[in-house]
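Protein chains: 2
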Amino acid sequence: MSDRITIALDAMGGDTGPDVVLPAALKALDRCPRLHVILVGPEEILTATLKKHAMGLNGRMTMHPASEIVTMDESPVLALRRKKDSSMRVSIDLVNEGQADACVSAGNTGALMAISRFVLKMLPGIDRPAIITHLPSANGHTYMLDLGANVDSSAGHLRDFAIMGSELARAIGNIEAPSVALLNVGEEDIKGNEQVREASQLLAETDLNYVGFAEGDDIFLGDFDVIVCDGFVGNIALKSSEGVAKLVTATLKEAFGQSIFTRTAAFLALPILTSFKKTFDPGRYNGASLLGLKGIVIKSHGGADAPAFANAIDIAIREVEKQVPQAISSRLERILSKAR
Amino acid sequence: MSDRITIALDAMGGDTGPDVVLPAALKALDRCPRLHVILVGPEEILTATLKKHAMGLNGRMTMHPASEIVTMDESPVLALRRKKDSSMRVSIDLVNEGQADACVSAGNTGALMAISRFVLKMLPGIDRPAIITHLPSANGHTYMLDLGANVDSSAGHLRDFAIMGSELARAIGNIEAPSVALLNVGEEDIKGNEQVREASQLLAETDLNYVGFAEGDDIFLGDFDVIVCDGFVGNIALKSSEGVAKLVTATLKEAFGQSIFTRTAAFLALPILTSFKKTFDPGRYNGASLLGLKGIVIKSHGGADAPAFANAIDIAIREVEKQVPQAISSRLERILSKAR
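In order, the protein sequences belong to chains L and C. Okay, so the first sequence: first residue is 1 according to my numbering, each after it adds one. Okay, so the second sequence: first residue is 1 according to my numbering, each after it adds one.
Honestly, I wouldn't trust all of these hints.
To be verified - BS3-like mimics (lysine-lysine), calculated; alpha carbons at most 25 Å apart, straight line: (1) L/Lys246 x C/Lys253; (2) L/Lys253 x C/Lys253; (3) C/Lys121 x C/Lys294.
Hints are computed from structural coordinates only; laboratory data are not their basis.
All chains, full assembly: derive it from the sequences and hints.
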């Protein structure tokens with residue numbers, strides 16, 4: 001790896017496309033002098049958007065053409081088969097060809113996963129990719145995976161997710177031996193489904209800092225560095241938590257607006273609400289990593305604004321610096337060679 | 001059913017036992033003139049607790065002896081096999097013998113489930129019991145099941161849960177044709193695991209008001225009356241939501257205490273916090289039903305206070321009034337006879 005870090009940005013992904021991606025690129029370039037970005041998308045749209053935001057290309061920001069766009073509700077299989085010149089596909093191709101060290105997209109998660117897997121291929125010994133992100137918790141934050149790349153994960157898959165999550169937490173979170181827990185319905189050994197119980201035995205045999213089972217409330221209240229689960233469960237846990245957080249916020253907002261009395265309180269409570277928002281700002285937690293691939297792919301939330309998208313670029317930079325795919329590969333090899 | 005409703009109360013269940021159950025009984029008796037309660041537990045403890053709370057037995061509050069106690073962390077299998085005179089077991093026996101119309105316990109969920117299933121037996125055609133409760137949502141509330149009675153539910157089990165949940169919402173929630181959704185990771189038909197997709201086909205063939213898939217955030221933000229899932233998923237969705245709600249509350253509380261300025265705001269914001277607490281008060285939502293059994297069993301939260309436990313008694317009363325087990329049985333029969 002040279003001193004320079006190049007990130008390909010799918011400029012057309014997400015709800016707002018280049019209007020978010022281009023200003024986000026500028027922010028990220030400002031923060032990281034080593035960074036170079038490649039804006040990927042239809043040239044005329046990119047040129048118009050640059051003009052609109054009074055931005056210009058330069059030595060650290062270049063453009064790469066891509067004529068097609070993968071829409072948010074497009075079938076992943078069709079996006080993979082038919083849109084070989086989409087901004088998403090070309091961004092991933094640039095990583096595969098070594099022209100970029102990583103790519104970031106706010107597009108359709110299923111398509112991003114399918115295309116990444118097809119183009120970049122899986123790391124040796126890893127069967128399935130997983131999606132990981134960090135979430136706020138009472139004791140800092142928790143890395144959680146899989147968040148929806150897989151359903152019906154076997155015990156072996158859960159073991160692989162644990163290895164990948166542990167390496168990411170070590171590299172990005174700077175945690176020497178991240179504590180890893182399996183998400184389960186109870187803390188006793190007898191509870192849970194078969195895959196989870198079997199995965200627990202597999203994990204106990206590794207040199208990971210495996211600490212046993214976590215329950216749902218431990219995601220936000222516990223002090224585990226990494227929590228591992230099947231993608232079906234992870235997706236539902238994440239979305240139901242988002243749901244309750246939104247309901248709480250809406251209820252508070254409604255209550256604050258009810259009378260002149262409560263509106264005064266709202267004004268006085270401004271620092272509180274600001275601090276509250278800061279803790280739960282989805283932007284701070286934007287940027288999920290697709291792990292298990294032979295390259296670095298970061299998924300930004302489709303509705304992310306420019307600061308949040310810039311946060312996803314920062315995560316890509318850190319994964320390049322720490323060479324996360326290589327770290328996962330060598331950890332897996334070490335664990336499997338001991339198991340033999 | 002006579003006009004009189006008799007509920008057996010496991011006086012020793014939960015974190016605080018009779019100190020919560022006895023005052024709760026008094027509250028419930030005050031609210032419902034038809035109600036009679038049987039306090040089940042060791043006589044000397046019950047007598048001492050009655051005295052402590054300046055309460056006395058009367059025509060509507062009687063006592064039934066039980067010498068043993070099932071602890072909160074006891075193995076369900078051992079509780080079932082070895083503690084045949086526990087307050088939990090005797091409460092369920094009273095329902096089975098027709099001496100009580102329903103029972104309420106704040107004890108160990110696994111033991112309550114195992115003993116209920118063994119003593120009361122399942123309704124004909126129902127393979128597995130399920131746990132259901134109602135949760136606050138942006139549009140009122142949502143009944144959700146299964147919350148942890150089962151892991152690895154088949155498509156047929158999910159269909160049965162849907163029938164049971166729909167009947168409960170109809171009976172208790174007074175909803176004529178409750179909308180029923182299956183919890184899934186995406187709204188498109190292609191997504192999700194095999195059981196959920198197959199269950200969706202089974203449900204489309206019933207006369208339930210089946211409306212398709214719901215995602216995690218729909219539990220708290222959607223307008224589905226009933227959401228159905230496997231117990232592993234349901235337990236984790238519920239607990240992770242509780243976790244995020246607790247984290248939000250703790251963060252707000254900390255922020256309000258930070259300075260004299262924010263403490264003033266907290267004082268002014270009192271009506272807001274009260275309204276907030278009212279919406280999210282776990283007591284309001286206390287009382288989960290064990291469905292699919294030939295009798296009515298209500299699980300109160302182990303940490304419930306007296307008003308919350310009284311709420312669980314109210315749910316038991318409503319289930320007796322509406323004869324929920326019979327309603328489930330006849331609905332199931334109708335659906336299965338049409339499917340034949």
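Which of the numbered hints are not met once you compare them with the structure shown?
No numbers; nothing is violated.
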